[in-house]
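Undergrad: Okay, here's what each chain looks like letter by letter:
There are 2 protein chains.
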Amino acid sequence: MQNERKIFLRKAIQLAIAKMEAGYGGPFGAVVVKDGKIVAEGYNQVTSANDPTAHAEVVAIRNACKALGSYQLVGCELYTSCEPCPMCLGAIYWARPDAVYFAATKTDAQGAGFDDQFIYDEMNSPPASRKIPMIRIALPDATLPFERWISKEGRLDY
Amino acid sequence: MQNERKIFLRKAIQLAIAKMEAGYGGPFGAVVVKDGKIVAEGYNQVTSANDPTAHAEVVAIRNACKALGSYQLVGCELYTSCEPCPMCLGAIYWARPDAVYFAATKTDAQGAGFDDQFIYDEMNSPPASRKIPMIRIALPDATLPFERWISKEGRLDY
Chain A
0 MQNERKIFLR KAIQLAIAKM EAGYGGPFGA VVVKDGKIVA EGYNQVTSAN
50 DPTAHAEVVA IRNACKALGS YQLVGCELYT SCEPCPMCLG AIYWARPDAV
100 YFAATKTDAQ GAGFDDQFIY DEMNSPPASR KIPMIRIALP DATLPFERWI
150 SKEGRLDY
Chain B
0 MQNERKIFLR KAIQLAIAKM EAGYGGPFGA VVVKDGKIVA EGYNQVTSAN
50 DPTAHAEVVA IRNACKALGS YQLVGCELYT SCEPCPMCLG AIYWARPDAV
100 YFAATKTDAQ GAGFDDQFIY DEMNSPPASR KIPMIRIALP DATLPFERWI
150 SKEGRLDY
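Protein sequences, first through last, are from chains A and B.
Going by numbering that gives the first Met the number 0, the residue at position 95 of the first sequence is 94; the numbering climbs one at a time, nothing skipped.
Going by numbering that gives the first Met the number 0, the residue at position 50 of the second sequence is 49; the numbering climbs one at a time, nothing skipped.
Incorrect hints may have been included.
Which copy? The list can't say, so a pair holds if one copy fits it or any two copies do.
Unchecked claim - Straight line, CA to CA, 25 Å or less: simulated PhoX-like cross-link-like pairs of lysine-lysine: (1) K65 x K105; (2) K151 x K130; (3) K65 x K36; (4) K151 x K10; (5) K151 x K36.
Quick caveat, the hints were computed from the structure, so don't treat them as lab data.
Computed from a predicted model, the values in this text were never measured in an experiment.
Chain A extracted, bound-state conformation (with noise of 0.2 Å):
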């Protein structure tokens, strides 16, 4: 089992070299496994799709979802060749595959340039005084998208 693991993290480390190398952006890889065998891949892609959400664990989220015609890996596996940002956190807990495995940590991301940590302690500065500023107005519809769709017939959660 340890040995299936590391095979499929070694495959997430060869992706994030090779696609790199080959200019698709940062240095960093993932594939999603189920029933023991690799459903999607994904590399970073930010700079050459001109896409800031196309992280590598984002990108192989989005593959597995399309190849297995759902919007959840229950039961799926992601190997990713770091461990994740605050953004691809999030896109896994919104995927929910059973369990992530990576290999380097965010300490040596941040050596490399990439700094989740800040993220990490922005997200618990308040709203108004972050870096980026996230305010808040008052609307008298703000609740209505809400309410709406707690009365909605045949509504599918997620």
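Given chain A's structure and the hints, the job is docking chain B onto it.
TA: Only chain B this time, still in chain A's reference frame:
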């Protein structure tokens, strides 16, 4: 200025309602504004697109980056019907708009079944003891992608 902001925020709320009622997904909408004009829209498409990352803000960020031909949203503002979840918050930091304005709060979202707080709490737990366990497996090549990245010629930072 405040009135203009309310107009953009109302647009985000209208998108949230209209697209949710049309069956695209959850009750969330967003717009990206540059120089006083909407350059992109986004709405939740998780269940219709089989994409757990297709939250309103993520979709709006992707669409705005495509429209502007950039992987950064410097000089832009994001208006979203609801306070961002951790995934969207992370996406915002990677996209770097100047500011974010929101109408409903994460507490409002929680009342409608969207438990962002659970994810925020999980982020502050040690990785291996999270509800989705995140386990480090030590490999000799773990930091090789970063070493190659640091020495890469013509590296495009993001």
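Undergrad: Hint compliance check: list the failing hint numbers for this structure, sorted ascending.
TA: When the structure is compared with the hints, numbers 1, 2 and 5 turn out to be violated.
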